[in-house]
Amino acid sequence: MKKISLILFLIFGTGIFLRAQDKFYTKTGTIFFKCTKSPLEKIEATNRSATCVLDTKTGSLQFAILVKGFEFERALMQEHFNENYMESGKFPRSEFKGQILNNNEINYTKDGIYKTTVKGRLQIHGETKDVETIGTLTLKEGKIIASSGFDILLSDYNIRIPSIVSDKIANKVNITIDCDLELFKGK
Amino acid sequence: MGIKKKIFIGFAIIAMTAGLYGYQEYTRKNENLSHVKANFQIQVNALIKEFEENEKKANEKFLDKIIAVSGTIRDVIKDDKGYYSIVLGGDNKMSSVRCSMDSIQDDIALLKQGNIIRIKGVCTGFNADELLGSDIILNRCVIQKK
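Chains as they are written, first to last, in the numbering used here: chain A, 1341 to 1527; chain B, 2 to 147.
Same shape as in the complex, but just chain B:
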């Protein structure tokens, strides 16, 4: 095989690999978090405390990270399109962690207020409102079985 042919084949392989990688990246979906290891394991009260004490510092630590939060269910909300949110309550009635559940979850309807649970999700930030209280929002949440 001539040197030119070898170079051509080399370039073709690189181009195909790059193309395949590009296509995979382009069509990549958000990962199902069921099998992804959490960056943080934390109790609901401790997480709320970190955000209420110093939102900036807590954002730097938790934003975009996968957090597994343990706590008591204060509310299970189903919207008119069938999507669920689970509210984990802290000691303070006006503070909570709100978990917007991934649509892949099918066992949410069985959950009830007062159940103790661990939920894993991506932290999208902190909302503090004078009237409505403060909430940490987790997206793409899944129930962590163990």
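Excised from the complex, chain A in its bound form:
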């Protein structure tokens, strides 16, 4: 009986352990964006509560943020962002679900900086679009720093800029992602 229990543990128990060992995560990822058109006006904000999960075995990569978590320097800009542009009451979350295309080129057991190509679906303001971008994974002492920068168009996500402010707000938004991922040790 003990032998059977041991065998079952080795089959299923270690399986669960290995699956947990494959996943890295954070709940304090940083996502920064800027869409400044005029040099006189700084339109940028930071969200420091992004969640991110990377499955190193499959290369699956997911991000999620609460839109209301973006902080601007000016309160009025933050209110306009939430109420008029992102409609965060109606669309509270934004998320990305994708894949590291060159995951097999990354040696997760060896420290180093690895270039990645990521492709997936980005959902903002209730609209979902395909995106593909490059980024880096920095492996250091058992942790992974995932970073990337890419541009999106507001018009792709049905976010309208009123003509009165179109000289200040650019349609092209530059997004920067910076996540320090640690090993997920299971529930």
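It cannot be assumed that every hint is accurate.
With a Cα cut of at most 30 Å, we get these calculated BS3-like pairs of lysine-lysine [stated by the list, open to error]:
(1) LYS1459(A) / LYS82(B)
(2) LYS1483(A) / LYS1437(A)
(3) LYS1437(A) / LYS50(B)
(4) LYS1363(A) / LYS94(B)
(5) LYS1382(A) / LYS30(B)
(6) LYS1437(A) / LYS82(B)
(7) LYS1363(A) / LYS1483(A)
(8) LYS66(B) / LYS1430(A)
(9) LYS1430(A) / LYS38(B)
(10) LYS1450(A) / LYS79(B)
(11) LYS79(B) / LYS1525(A)
(12) LYS1437(A) / LYS57(B)
(13) LYS1430(A) / LYS57(B)
(14) LYS1469(A) / LYS57(B)
(15) LYS50(B) / LYS1455(A)
(16) LYS1363(A) / LYS82(B)
(17) LYS82(B) / LYS1450(A)
(18) LYS1363(A) / LYS113(B)
(19) LYS66(B) / LYS1374(A)
(20) LYS1455(A) / LYS30(B)
Beyond 12 Å from chain A on every Cβ pair, some chain B residues (computed) [as the list claims (entries may be wrong)]:
(21) GLY3
(22) LYS5
(23) LYS6
(24) ILE10
(25) LYS38
(26) ILE43
(27) ALA47
(28) THR73
(29) GLY115
(30) ARG119
(31) GLY134
These aren't lab readings, by the way, just hints derived from the structure by calculation. This structure is a prediction, so every number in the text was calculated from the model and none was measured. All residues carry an ideal CB built from backbone N, CA and C; glycine is no exception.
Let chain A serve as the given structure and place chain B on it in line with the hints.
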């Protein structure tokens, strides 16, 4: 003083007041919550319960509101840019209230796991994930001394 001159001065005062108000609004910063009264005072377990039982209803009640949450510190996290998050834990290991601390706070480094604390912040929503568990996120948080 002629009537025209009085009207002109009246308009000038209104225009200046409106201009000043507009400028103040335009340059207004997010308020430091240290001296702002919380809309709700609640225990961490009670807050988590409200969101887990009915997220929609809890969002209507708490979203954008200032909440003072009391509970035990499960974790103090410092990111690579020096910003702190304090995690207040509930009875369930997979649920928490995550407080993204205002950069004005300078006494966070002294806090430790297990300390009982009251933190005040703006509720930005609820994140529920099958793998990572569920979290209520508070922003611009400050430690409430009393």
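#### Entry: Proposed proximity, LYS30(B) with LYS1455(A) (alpha carbon, max 30 Å)
At roughly 38 Å apart (the allowed maximum being 30 Å), LYS30(B) and LYS1455(A) break the hint.
### Message
Hinted pair, alpha-carbon criterion (30 Å max): LYS1363(A), LYS1483(A). Please report holds or violated.
### Response
holds, 11 Å
### Query
Taken at face value, is the distance from the CA of LYS57(B) to the CA of LYS1437(A) at most 30 Å?
Roughly 24 Å between the alpha carbons, so the hint for LYS1437(A) and LYS57(B) holds.
### Query
Is LYS66(B) within 30 Å of LYS1374(A), Cα to Cα?
holds, 26 Å
### Hint consistency between LYS66(B) and LYS1430(A) [alpha-carbon to alpha-carbon, up to 30 Å]
holds, 17 Å
### Separation of LYS38(B) from chain A, once the least beta-carbon distance is taken, above 12 Å
holds, 18 Å
### Query
Is it true that the CA of LYS1459(A) sits at most 30 Å from the CA of LYS82(B)?
Holds. LYS1459(A) to LYS82(B) sits at ~28 Å (cutoff 30 Å).
### Query
Can we confirm that no CB of chain A comes within 12 Å of the CB of ILE10(B)?
holds, 30 Å
### Task
Below or equal to 30 Å on CA atoms is what counts here, so check LYS1437(A) against LYS50(B).
holds, 28 Å
### Message
Between the alpha carbons of LYS79(B) and LYS1525(A), is the straight-line distance 30 Å or under?
### Response
holds, 19 Å
#### Entry: 30 Å Cα cutoff - pair LYS1363(A), LYS113(B)
Measuring from Cα to Cα gives roughly 27 Å; hence the hint holds.
### Distal placement of LYS6(B) relative to chain A, Cβ over 12 Å
holds, 34 Å
The structure fails to meet hints 15, 20 and 31 from the earlier list, while all remaining hints are met.
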